[in-house]
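Enquirer: Sequence:
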Amino acid sequence: MSANSPSIDERLVHKKFPAITRHRLALYCGASGDHNPIHVDLDFAKAAGFPDVFSHGMLVMGYLGQALTDAVAPSRIRSFSTRFAAITQLGAKLTCEGVVTELMEQGGEKRVKLALTTKDQNGEVKLAGEAVIAV
1166 MSANSPSIDE RLVHKKFPAI TRHRLALYCG ASGDHNPIHV DLDFAKAAGF
1216 PDVFSHGMLV MGYLGQALTD AVAPSRIRSF STRFAAITQL GAKLTCEGVV
1266 TELMEQGGEK RVKLALTTKD QNGEVKLAGE AVIAV
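Take the sequence shown: its letters are residues 1166 to 1300, numbered as in our numbering.
One or more hints might be untrue.
Said to hold, decoys possible - Per label pair, the in silico range of CB-to-CB distance:
#1 G1273 with A1213: 48 to 58 angstroms
#2 G1214 with S1172: 15 to 25 angstroms
#3 V1290 with T1186: 29 to 39 angstroms
#4 E1267 with N1287: 52 to 62 angstroms
#5 E1267 with V1290: 16 to 26 angstroms
#6 E1274 with H1188: 39 to 49 angstroms
In case anyone wonders, no lab produced these hints; they're calculated from the structure.
Just so we're clear, the structure is a prediction, and the values are computed from it rather than from any experiment.
Virtual Cβ for every residue (Gly too), placed ideally from N, Cα, C.
Turn these sequences into a full structure, and let the hints guide you.
Expert: Structure below.
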């Protein structure tokens, strides 16, 4: 890709993350202030009908945000939105991607729209969204 001429279907974002662990979830609880026991207490999760604890949705969104800002300077991001698609289980190895879906211009600034996804190692979409970036 030339910095000024991305093309439709071009992948601009791609980052793999290590497996989600109990340790990572505990660290995220402390960092985020989200101490919902469903994410760290096995007995609580089982009582709620889940086989085990699972990741915070916002941790998964943070991974996608990191992948985006690793690929694109934050000053070029015009919008970033997501929707949660599925629970992310312990052990999930996530891959975040962003593919160009639209070329546009707004106020004299060339921009592209990216379709963003976060998938686990089985290809299940955990998070989907979009971003608009200046090129």
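Enquirer: Is 15 to 25 angstroms a correct range for the gap between the Cβ atoms of G1214 and S1172?
Expert: 46 angstroms, violated
Enquirer: Determine whether the Cβ-Cβ distance between E1267 and N1287 falls within the hinted range of 52 to 62 angstroms.
Expert: With a Cβ separation near 29 angstroms, E1267 and N1287 fall outside 52 to 62 angstroms, so the hint is violated.
Enquirer: Given a hinted range of 39 to 49 angstroms, is it respected by the beta-carbon distance of E1274 and H1188?
Expert: With Cβ atoms ~42 angstroms apart, the hint holds.
Enquirer: Within 48 to 58 angstroms: is that where the Cβ-Cβ distance between G1273 and A1213 falls?
Expert: Holds, since G1273 and A1213 (Cβ atoms, about 52 angstroms apart) stay within the stated range.
Enquirer: Is 29 to 39 angstroms right for how far apart the beta carbons of V1290 and T1186 are?
Expert: Hint violated: Cβ distance 21 angstroms, outside 29 to 39 angstroms.
Enquirer: That 16 to 26 angstroms hint for E1267 and V1290 (C-beta), does it hold up?
Expert: With Cβ atoms ~20 angstroms apart, the hint holds.
Checked against the numbered hints given earlier, the structure breaks hints 2, 3 and 4 and satisfies all the rest.
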